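Enquirer: Chain order of the listed sequences is S and W.
Per my numbering, residue 1 is the first one in the first sequence, and the count goes up by one each step.
Per my numbering, residue 1001 is the first one in the second sequence, and the count goes up by one each step.
Read the hints as simulated data drawn from the structure, not as lab findings.
Take these hints with a grain of salt, some might be off.
Quick list of in silico lysine to aspartate or glutamate cross-link-like pairs, EDC-like style, CA-CA up to 16 Å [stated by the list, open to error]:
1. S:Lys275 with W:Asp1036
2. S:Lys275 with W:Asp1072
3. W:Lys1065 with S:Asp242
4. W:Lys1065 with S:Glu239
Note that the structure is predicted; figures quoted are calculated from it, not measured.
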Amino acid sequence: MTNPSPGGNTAALSARMISFAPMSARRMLALGGIGLILVGMLVGDIFAVFVLHQNAARVGESLSSAAHAAMTGDANAVSGSFQSVGSFLENRGTKVDTHVHMIAFGYLALMLAILQPWVALRESTRKKVAWTFLIGAWLLPVGVFLIHYVGLAYSPLPAIGWASIFADLGGALVIVATLACLFGIARHFSQAQLPPIEDVLMKDRSVAGRILLAGGLALILLGFLHGAYYAAVDLYRHEAMDYSLLSQMTITAAAKNGAALDSALSEYGQLSGEKAVNIAAHAHAIEFGLLAMLLAFFQPFVRLRDSWKRTWAWVLLLGSLALPVFVLLELKLGLLAGGIADVGGLLVVIAVLAMWVGILRYTGEIDAAPWISSRGTE
Amino acid sequence: MSAARRLLIVGGIALALLGMIFGVWYAVFAEHQELDGIGRSLATGFSAAARRDAAGADAALNQYKNLKYAYDRHVDVHGHWIGLAMVLIVLGIGIDRMGFSEQFKMLLATALLFGSFLFPLGVLLQTLSGGSVPRALAVAGSALVIVSLTGMTVGFARGQKA
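Construct all of the structure, not just a fragment, from the sequences and the given hints.
Expert: See below:
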């Protein structure tokens, strides 16, 4: 039920009938949210294969140039090399931000879709809010992605380019839409006599939903356990090594000991890789777990056979487990593990796409069921 | 709305707000200063090495170490408060599907909310004090989160009929 009305049974039922109708706010947010997550994951996969390692190598090369410039006593070249590091990190940062924001906005859209029955606004207003959210949720990551390429070209401002301006506008639209939903929820709870909300998403007890909820939470737990292990065993050691290796670089550069300098640079590269895979494994396990849990609520609207729903749920969980585990193994197994991790990511993309298609195929049989049964008893 | 669901959803929203307010404070008053400082101290350290100034390089790298220590923890606190808030809200929405009594659900929800607040707080306090109390708080908070999440995973696997 999306828009409870005191106008009697028929009005309440007709309100429930539009709860997941094509172009309804809830459906737009659900499909748009999953779409954002899908594109965000594809961007992440492309980034991992074609940009991440190359960019890390360039950052390493620039640090090496800075260290060797220090060895030859060329302070200007040191400064130039660190400027290059900054540029490579900015390029990397905007790609990561695009990936992260698309997925985070997708999660937020799914959460807002689940909460729609509690948003006490007219359906037409909720549709406008959903459109505003989705436009902003696309504008921000696209703008962030373009920052590195557009720069300050034709910008009216001295320090902020057009891409940043549009990204900020996107962020503002998302904030406005989210605040509108929060206002609707506050309005719902401030009403004196609340009709009970009967939401099919809350009532669902399907096997696929249970697999996704339990499996998703288990993934979050695994991610958390790994984070706790990393914090207890590796974090302080890594921080100490970070400082001591940089210190070794400056000392060996000043002493003009090229072999020791190269050894410190090589160890520093290895340390950066170790930190990166641990952070990536921790973050991906938790994010995939949250995704599985959010998708569990939408299983009633996935118009596929139950056996297929269960299959896609397991595929999603398998891929979600494989990616962080093999990212962690990348340091030991190299490219083979990286390849398997990418396949894990692809499995997640395929499973989410299958669920998205299932939701697209949904034609309203659950929404229509109460209406049909009420017609039968008239 | 059951008490456990209310606790998780209201607590989750409060934690998200806390994380965002901390994020705004951090972005305005700390982030750029820390990032600029990290970049500058690294460049200064290597430039000092180029001038064969060992003391200058050491001082700059020490500054880098302290700034990086604070920066990593500030980012972690912001990310973990908001991330855990999202987990709390989603668990609140789905808590009716957990195959446990209302009392046990309430116990798990309370432990999870308390741990989710405490763990990043302990990490944040590490930037103010190098003693063992902040670390103990972070460990206790994360232990509460791990134990309550384990219980909830079992609860979802058991399931509950509508």
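Enquirer: None of the hints should be skipped; say for each whether it holds.
Expert: Hints and how they fare:
no., hint, result
1, S:Lys275 with W:Asp1036, "violated, 22 Å"
2, S:Lys275 with W:Asp1072, "holds, 12 Å"
3, W:Lys1065 with S:Asp242, "holds, 8 Å"
4, W:Lys1065 with S:Glu239, "holds, 8 Å"
In summary, the structure is inconsistent with hint 1 from the numbered list given earlier, while agreeing with all the others.
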